[in-house]
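Residue numbers (the numbering used here), protein chains in the order written: chain A, 1 to 436; chain B, 1 to 436.
Keep in mind that the hints were calculated from the coordinates and are not lab data. Here the structure is a predicted model, which means the values were calculated and not measured. All C-beta atoms in this analysis are idealised placements derived from N, C-alpha and C, irrespective of residue type, glycine included. Check the hints yourself; a few may be wrong.
[As the list claims (entries may be wrong)] Subject to a maximum C-alpha distance of 16 Å in a straight line, what follows is the list of computed EDC-like cross-link-like pairs (lysine to aspartate or glutamate):
| # | chain 1 | residue 1 | chain 2 | residue 2 |
| --- | --- | --- | --- | --- |
| 1 | B | K277 | A | E271 |
| 2 | A | K277 | A | E153 |
| 3 | A | K388 | A | E406 |
| 4 | A | K277 | B | D272 |
| 5 | B | K277 | A | E153 |
| 6 | A | K25 | A | D53 |
| 7 | A | K222 | A | D363 |
| 8 | B | K222 | B | E342 |
| 9 | B | K49 | B | D64 |
| 10 | A | K277 | B | E271 |
| 11 | A | K123 | A | E342 |
| 12 | B | K277 | B | E172 |
| 13 | B | K179 | B | E191 |
| 14 | A | K277 | B | D279 |
| 15 | B | K415 | B | E389 |
| 16 | B | K277 | A | E231 |
| 17 | A | K25 | B | E153 |
| 18 | B | K25 | A | D112 |
| 19 | B | K222 | B | E199 |
| 20 | A | K388 | A | E242 |
| 21 | A | K415 | A | E392 |
| 22 | B | K123 | B | D338 |
| 23 | A | K179 | A | D112 |
| 24 | B | K415 | B | D379 |
[To be verified] Per the computed footprint, the stretches of chain B lying under chain A, defined by three or more beta-carbons under 8 Å from a beta-carbon of chain A, are:
| # | stretch |
| --- | --- |
| 25 | 251-262 |
| 26 | 384-394 |
2 protein chains.
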Amino acid sequence: MSAPVRVGLIGLGTVGQGVVNILRKNAEEIARRIGRTMVVTHAAARDLKKKRDCNLDGITIASDPMFIARDADVDVVVEVIGGLSPARELILAALARGKPVVTANKALLAEDGNRIFAAARDKGVMLAFEAAVGGGIPVIKAIREGLAANQIESLAGIINGTCNYILTQMTEREVDFAKALAEAQKLGYAEADPRMDVEGIDAAHKLTILASIAFGMPLSFKQVATEGITEVRIQDIALAHELGYRIKHLGIAKRTAAGVELRTQPTLIPEDRLLAKVDGVLNSVLIRGNAMGQVGLYGRGAGAEPTASAVVADLVDVARSLGAPAQHQVPALAFQFDQLRELRITPLAEIISSFYLRLRVADTPGVLKGITSILAESDISIEAILQKEPREDDATIAIITSQVTEQRFNDALSKLRALPFVREGLSRFRVEHFNE
Amino acid sequence: MSAPVRVGLIGLGTVGQGVVNILRKNAEEIARRIGRTMVVTHAAARDLKKKRDCNLDGITIASDPMFIARDADVDVVVEVIGGLSPARELILAALARGKPVVTANKALLAEDGNRIFAAARDKGVMLAFEAAVGGGIPVIKAIREGLAANQIESLAGIINGTCNYILTQMTEREVDFAKALAEAQKLGYAEADPRMDVEGIDAAHKLTILASIAFGMPLSFKQVATEGITEVRIQDIALAHELGYRIKHLGIAKRTAAGVELRTQPTLIPEDRLLAKVDGVLNSVLIRGNAMGQVGLYGRGAGAEPTASAVVADLVDVARSLGAPAQHQVPALAFQFDQLRELRITPLAEIISSFYLRLRVADTPGVLKGITSILAESDISIEAILQKEPREDDATIAIITSQVTEQRFNDALSKLRALPFVREGLSRFRVEHFNE
Numbered sequence: 001m002s003a004p005v006r007v008g009l010i011g012l013g014t015v016g017q018g019v020v021n022i023l024r025k026n027a028e029e030i031a032r033r034i035g036r037t038m039v040v041t042h043a044a045a046r047d048l049k050k051k052r053d054c055n056l057d058g059i060t061i062a063s064d065p066m067f068i069a070r071d072a073d074v075d076v077v078v079e080v081i082g083g084l085s086p087a088r089e090l091i092l093a094a095l096a097r098g099k100p101v102v103t104a105n106k107a108l109l110a111e112d113g114n115r116i117f118a119a120a121r122d123k124g125v126m127l128a129f130e131a132a133v134g135g136g137i138p139v140i141k142a143i144r145e146g147l148a149a150n151q152i153e154s155l156a157g158i159i160n161g162t163c164n165y166i167l168t169q170m171t172e173r174e175v176d177f178a179k180a181l182a183e184a185q186k187l188g189y190a191e192a193d194p195r196m197d198v199e200g201i202d203a204a205h206k207l208t209i210l211a212s213i214a215f216g217m218p219l220s221f222k223q224v225a226t227e228g229i230t231e232v233r234i235q236d237i238a239l240a241h242e243l244g245y246r247i248k249h250l251g252i253a254k255r256t257a258a259g260v261e262l263r264t265q266p267t268l269i270p271e272d273r274l275l276a277k278v279d280g281v282l283n284s285v286l287i288r289g290n291a292m293g294q295v296g297l298y299g300r301g302a303g304a305e306p307t308a309s310a311v312v313a314d315l316v317d318v319a320r321s322l323g324a325p326a327q328h329q330v331p332a333l334a335f336q337f338d339q340l341r342e343l344r345i346t347p348l349a350e351i352i353s354s355f356y357l358r359l360r361v362a363d364t365p366g367v368l369k370g371i372t373s374i375l376a377e378s379d380i381s382i383e384a385i386l387q388k389e390p391r392e393d394d395a396t397i398a399i400i401t402s403q404v405t406e407q408r409f410n411d412a413l414s415k416l417r418a419l420p421f422v423r424e425g426l427s428r429f430r431v432e433h434f435n436e
Numbered sequence: 001m002s003a004p005v006r007v008g009l010i011g012l013g014t015v016g017q018g019v020v021n022i023l024r025k026n027a028e029e030i031a032r033r034i035g036r037t038m039v040v041t042h043a044a045a046r047d048l049k050k051k052r053d054c055n056l057d058g059i060t061i062a063s064d065p066m067f068i069a070r071d072a073d074v075d076v077v078v079e080v081i082g083g084l085s086p087a088r089e090l091i092l093a094a095l096a097r098g099k100p101v102v103t104a105n106k107a108l109l110a111e112d113g114n115r116i117f118a119a120a121r122d123k124g125v126m127l128a129f130e131a132a133v134g135g136g137i138p139v140i141k142a143i144r145e146g147l148a149a150n151q152i153e154s155l156a157g158i159i160n161g162t163c164n165y166i167l168t169q170m171t172e173r174e175v176d177f178a179k180a181l182a183e184a185q186k187l188g189y190a191e192a193d194p195r196m197d198v199e200g201i202d203a204a205h206k207l208t209i210l211a212s213i214a215f216g217m218p219l220s221f222k223q224v225a226t227e228g229i230t231e232v233r234i235q236d237i238a239l240a241h242e243l244g245y246r247i248k249h250l251g252i253a254k255r256t257a258a259g260v261e262l263r264t265q266p267t268l269i270p271e272d273r274l275l276a277k278v279d280g281v282l283n284s285v286l287i288r289g290n291a292m293g294q295v296g297l298y299g300r301g302a303g304a305e306p307t308a309s310a311v312v313a314d315l316v317d318v319a320r321s322l323g324a325p326a327q328h329q330v331p332a333l334a335f336q337f338d339q340l341r342e343l344r345i346t347p348l349a350e351i352i353s354s355f356y357l358r359l360r361v362a363d364t365p366g367v368l369k370g371i372t373s374i375l376a377e378s379d380i381s382i383e384a385i386l387q388k389e390p391r392e393d394d395a396t397i398a399i400i401t402s403q404v405t406e407q408r409f410n411d412a413l414s415k416l417r418a419l420p421f422v423r424e425g426l427s428r429f430r431v432e433h434f435n436e
């Protein structure tokens, strides 16, 4: 066998420790795959005194991560510190020295990836990021390589485990959002500051990356219509269930004649779809290609070992590419860098879908007639409607509409809101059917 | 861009036509991925006069497939005629000339793959076979590359769409096996001679390939314990449902301290597992790695376009590898060829699992006592038991046992069979729980 592949590891948090552990635990198996051993020779961490849950024997510990990026004699650099800076500067420094990089940093790639991927291309080295989306689920590889024969038409993913855990708890145990969030925080499934997750930003980061490799377009994070789960009420989940749907927080990227839709939002899915049945902290991505039809993947989308599993899989790919000219590499964003194309992002107002609408109305005669008249005037059909028995003097009505643009739906909604018997407390979410 | 990648296509059946169609339909997208165009320049078919559902313009049609394998000026050969011979000779001839090969031929690879992969290795060229298992689902790539950080512990797959379709019909519409099979044949989901599918042989071929890339062992088709779905009765499906299970035909490969289990068989799965919810002609594979935990894939496992989607994805991989030394290639069987290791195959008698058992007994006193005594004497616990109200003078009892070796279970079964009140008509299937 040739000399070992030397890994420089920047970050010794949970994922970094997971990388060290996997490379030790599965050392023999990995060597049998690559034909060489692979060892972490250098590692950098902020707090050198912190106790780690991994064996650091034989690893040179550096306090300055830039030393690993720039100077250390390593074949590949792993960045698992997260955040925009200094991760950006470290990755760019490593690439500038011609070192391939493996990262799990979805925020950085989504927000600043165009520059970073250009830097990797300029040096002809790999920048691998399977761990950035879906933890250990090989979803990047599936889209970029496994479905390379296809024009990808759409993808939809449960790509934030925190949101999925909270919605699952709200669904199964009928606890409200605040309580489910508090429990998720206690279990370590949500951060102390949960906004990145529950407001859909983390999902938008991941969606940005998926859309780029699916459609061959530059990373367009700023154009993602980002909505979280804070507006979902138990009542919506219950009404959706009565109508035959589950509410999931999805990242959706869809290519139509009008452009590319990029959105993260709570979405009603028919209960019999497999995607609707992916519960708890699991992640899942459903991809539709024009040759393959739909293909789905699911598994653990977060956690030290699943994420490290993806990092090390990337390391195996990188190890094979060492010394190979760029034309033998899989392009980082699935398409040759000079073949990426800006695509029009469809504004929300133009996006067509069914909608779910919950109305709280006064319990007076003529209510249904008033509502259905406005929808009919707006040329919106009602696919399903459910009126619950009035409580006190309020009644709840839930409606699933036909396919309609958001603009037309919003216009109708304004008119509905102006009706004297319609009270506050309206919820509205999109409905996606995922028909084969 | 450089010169086009020239594809020689052996076989113009449904999959071959699908390959031609995808390469035309998605030509621009594929060129943007590879940085070169890819065109079928030669094709061979048995019946040259047959009308094809694809555009053959610009393709040189040969009546002799060996011309394409051996002499035609192509960069890569696609074999989609199926069967053992002449596919074997054609692939070996192409490899001998240093031409990489893409094939969907699971039977050939499972039965004669060790020789064929050795030939590819000797010439340092790729032999790609994503289409051999799971149609367009990139399951080979997921195991071989996406989970490369892991020791794969087990995999379980719904890998025969015919069996899954029939069992789904039996479950949902309560039709018996013969009727469901006849309908599947009518719809083209089953062959006129259905034995390869319903007797589990096709699943065993696919399982052989999956086990090899999962565990780094040579292909061991002859050692797969192969059982089909012909013994499954509607009554079993109904009883399983009452006990909280679905019956699926699975290919299972599992590594334990005792060896490797290789088996295809009808299996009870808890109803809430996603694998239990994969219905109709869909395929699905669930893989467990020691870092990742469980990851699942599902999608269309057969049909012209899904299968051709996998063939063309392989062609894209091959196109990137053209001219690259072998150390830059992903090894065909996931591990370096010289690192494949024979592993002990666990004999059925030693395999441990829960069992489902259906007994038809006389409606007389002491029956349950007699049965439970024998199981207790054999040190087999009862996890669940269900006795249906007697019909005429027969009663049906269904039992889920604790984990037990097949040997011990069989010994107990012999004793049960010898009981005077136990009548004919026993069913027994394994139960797998797939706990996270």
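Do the hints match the structure? See the list:
no.	hint	in the structure
1	B/K277 <-> A/E271	12 Å, holds
2	A/K277 <-> A/E153	23 Å, violated
3	A/K388 <-> A/E406	26 Å, violated
4	A/K277 <-> B/D272	9 Å, holds
5	B/K277 <-> A/E153	25 Å, violated
6	A/K25 <-> A/D53	13 Å, holds
7	A/K222 <-> A/D363	43 Å, violated
8	B/K222 <-> B/E342	14 Å, holds
9	B/K49 <-> B/D64	14 Å, holds
10	A/K277 <-> B/E271	12 Å, holds
11	A/K123 <-> A/E342	23 Å, violated
12	B/K277 <-> B/E172	12 Å, holds
13	B/K179 <-> B/E191	14 Å, holds
14	A/K277 <-> B/D279	14 Å, holds
15	B/K415 <-> B/E389	24 Å, violated
16	B/K277 <-> A/E231	30 Å, violated
17	A/K25 <-> B/E153	14 Å, holds
18	B/K25 <-> A/D112	33 Å, violated
19	B/K222 <-> B/E199	15 Å, holds
20	A/K388 <-> A/E242	11 Å, holds
21	A/K415 <-> A/E392	25 Å, violated
22	B/K123 <-> B/D338	14 Å, holds
23	A/K179 <-> A/D112	35 Å, violated
24	B/K415 <-> B/D379	13 Å, holds
25	251-262	violated (count 0)
26	384-394	violated (count 0)
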